[in-house]
Amino acid sequence: MPHDVSNTSAKATTPGGLNVAVLVSIGRHPLTARTRRADQDARAVEMALTLQSASVSLLHAGQQDSENEEAIRGYLGMGIDSVNLIEQKPQADVIPALAKALRASAAQLVLTGTRAETGEASGITPYLLAEALGWPIITGLAAVEKIEQGTAVVLQALPRGKRRRLRIRLPAIATVDSSAPPARQSAFGPAKRGELAIHLEPSAIDEALGAWHIQPARKRPKRLKIVKASSARDRFKAAAAKADGGGGQTLTDVTPEQGAEAIFKLLKEEGVLR
Amino acid sequence: MSELVRRDPRKAWIARNRLHPQHLEVLAELGGGAVASEWMGPNGVMRRNPHAVGFIGPNGIRRIDRSGAQQAAQAPGRSVEAKDARRHVAIDAPAFMVAVVPDMAGGRLSSHDRDLLGLARQLADADPAQPGAVVAIVFGEHKETAFGEAGIDRLIHLEGERFSGYLPELSVATLQGVDREMAPRYWLLPDSSVGGELGRRLAARLGERPAAQVWQVEADAESATGWRCTARGAAGRNDITRSLPRIVLALAECADPISETRHAAEPINLSHGLPDVLGRIEDMGEVAVDPASVSLAEAEFILSAGNGVKDWDSYHHAAEVLGATKGASRVAVDDGFMPRDRQVGATGTWVSARVYVAVGISGAIQHLQGIQSCDKVVAVNLDEGCDMVKRADLAVIGDASAVLAALVKRVEQYRAEQQENRDAA
Ligand SMILES: Cc1cc2nc3c(=O)[nH]c(=O)nc-3n(C[C@H](O)[C@H](O)[C@H](O)COP(=O)(O)OP(=O)(O)OC[C@H]3O[C@@H](n4cnc5c(N)ncnc54)[C@H](O)[C@@H]3O)c2cc1C
Chain A
1 MPHDVSNTSA KATTPGGLNV AVLVSIGRHP LTARTRRADQ DARAVEMALT
51 LQSASVSLLH AGQQDSENEE AIRGYLGMGI DSVNLIEQKP QADVIPALAK
101 ALRASAAQLV LTGTRAETGE ASGITPYLLA EALGWPIITG LAAVEKIEQG
151 TAVVLQALPR GKRRRLRIRL PAIATVDSSA PPARQSAFGP AKRGELAIHL
201 EPSAIDEALG AWHIQPARKR PKRLKIVKAS SARDRFKAAA AKADGGGGQT
251 LTDVTPEQGA EAIFKLLKEE GVLR
Chain B
275 MSELVRRDPR KAWIARNRLH PQHLEVLAEL GGGAVASEWM GPNGVMRRNP
325 HAVGFIGPNG IRRIDRSGAQ QAAQAPGRSV EAKDARRHVA IDAPAFMVAV
375 VPDMAGGRLS SHDRDLLGLA RQLADADPAQ PGAVVAIVFG EHKETAFGEA
425 GIDRLIHLEG ERFSGYLPEL SVATLQGVDR EMAPRYWLLP DSSVGGELGR
475 RLAARLGERP AAQVWQVEAD AESATGWRCT ARGAAGRNDI TRSLPRIVLA
525 LAECADPISE TRHAAEPINL SHGLPDVLGR IEDMGEVAVD PASVSLAEAE
575 FILSAGNGVK DWDSYHHAAE VLGATKGASR VAVDDGFMPR DRQVGATGTW
625 VSARVYVAVG ISGAIQHLQG IQSCDKVVAV NLDEGCDMVK RADLAVIGDA
675 SAVLAALVKR VEQYRAEQQE NRDAA
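Sequence lines, in order, name chains A and B. Each step along the first sequence adds one to the number in the working numbering, with nothing skipped, and position 256 is 256. Numbers given in the working numbering equal positions in the second sequence, counted from 1, plus 274.
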């Protein structure tokens, strides 16, 4: 996808455009465990960059060290000049700092990923921010259709590839998941040139974290098929039987019309006919 | 009548001993006063009544045991019909509440919901002296009939105009009302796309820190709540063990579903009225998506074709009219009628459709593996004995093209009726 840096910075100065803030975090590659830009956050940046006449600003709150800086620069390489970096202690709860920064900024739409790739990764940060700011929040943003009179008409991705159209009052928070368009490549040059605007903020230490016990994920035990039968005969039947639907209805000697009617009834009951 | 079978060991011994002078008498007596099967005729000839031989087995079939060993063990007049052995449980004065908000995907309790209800029961029934009640909150219309079997004691069903569509703000305000009224000890929600969102909204609203992606809950005397949970963190790479918080977003298979008890599922109403919410999110309805663009693994409704389909044009037409995503068996793919990415089965795609219509597919094990997680399977086949018919919830025995053509006609008629209604309105 062609893009250039000057274009985005030109957008940033457009008066009357939409102010979009994207919250970005440090990702971790699932196989190599190297830090990288988080996949869903990168998709959120991509979504923001494809919005018409929007000025995009990135916000990250967290610890600042060389490894994290490299990951953050991954977002800069997507064609963005600078990232606002709020420095926090490693054990800090970043909600107060983020809420303060968002309140101070003129952002009308805040995009985030659904769930982080490191830490607790409970995916509750956007909701807490929405609650703290008193803004509405929607999940699974797939596309922004139009922005008009302080509202946005958006498409929400539902499971099974479905979409739902929503109108939300701005300012609002929207989370982006893996059904959003994939992020563009991060280019090395712009990533190196981009600026990290560092702000210092007092950290609110997350005390509950201390009481938790964190270890590498164990494999989940596979659920066994437990046969609860009262007699040996039933148990044998359950063990030896081939899969049969059980209670399935078989229509023999019917005309195609009768068969079609039965299928039609089932399809309608299940609500798959639109 | 008492269910207990009383045995007389002396009679049983006589029944086993074929040389005992009272053998036949006793057998007849044990056989429920039935006629003796063998007796000495008036002129010294042994007479037999073949109908009186043997006993009725547990599945209603007459069994003949020539060793004589079983004869004594038969239980006269024992009822053979299968009884619902599940225990009825009613909790009248619960010590506390465990609230569950099931997803109700497709209007029914999903397997994820059932697992979650199993977990809720674990939490509620931990102390038999002070049992808790599981209250389920269901939004919108549903088709579920077995709430009690899934382990629900109380049911709050919020239905009507106000609860149709996507209403996250109203739902969370309602749950907040439930929280104020009942103060459940725990809130359990499935960590799926629907329940996960609602649970996080609720947690943010109530100011509780939830545990997300929980896959195991164990009793733990050292923890403040008496329970400890294990949750996945860091995109599934870590396990976080902590004491169980009030709001739990649990993964599928977090506990075993309920199978041994039945519960009341007594409907209750909220005493306070429903909250008025200023809606800042307006649902403008679902958008029609092209079913062909939906990936097979995700599709909700699949029309799958196999070797039994001869008229491919009419099959493609049917899929378009029905609005179904297309699938195929391996044979249809190998023969070049369908693209490779449409193959369902062990070497193709594992599908999770809610409705899977298999047209002319025999149901080879490699194919059946791929449709394990489908809810409703419909088979159209000529062969009544094939495995797909056995797996199917509805099987229509008939020629594929004839049935498809009739189905297309029926659906087109339905569409026309709908259009008329819309025009009239
Ligand atoms: C290693 C391995 C992996 C495999 N993986 C897969 C896989 O991933 N997916 C897969 O699908 N298969 C797979 N197979 C192939 C599988 O074993 C079967 O051969 C295949 O699924 C059969 O396809 P079918 O049911 O379409 O054809 P058939 O077995 O030929 O069945 C055709 C059915 O159509 C019915 N029929 C015929 N005419 C009509 C008519 N006019 N109207 C209605 N019904 C009619 C017949 O009664 C029959 O039941 C695999 C095999 C192997 C060895």
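Just so you know, not all the hints are guaranteed correct.
Label pairs and their computed distance ranges (CB to CB) [claimed, not checked]:
1. A:Q52 to B:L548: 34 to 42 Å
2. B:A571 to A:R218: 38 to 46 Å
3. B:I330 to A:D253: 27 to 35 Å
4. B:G510 to A:E257: 44 to 52 Å
Rather than coming from a laboratory, the hints here were simulated on the basis of the structure. Using N, Cα and C, we set each Cβ at its ideal position, and we do this for glycine too.
Going down the list of hints, with the structure as the test:
1. A:Q52 to B:L548: 34 to 42 Å: Holds, at about 39 Å.
2. B:A571 to A:R218: 38 to 46 Å: Once the Cβ atoms are compared, 27 Å apart, the range 38 to 46 Å for A:R218 and B:A571 is violated.
3. B:I330 to A:D253: 27 to 35 Å: Roughly 32 Å apart at Cβ, these two residues keep to the hinted range, so it holds.
4. B:G510 to A:E257: 44 to 52 Å: Because 51 Å falls inside the window, the suggested range holds.
Hint 2 from the earlier list is the only one contradicted by this structure; the remaining hints agree with it.
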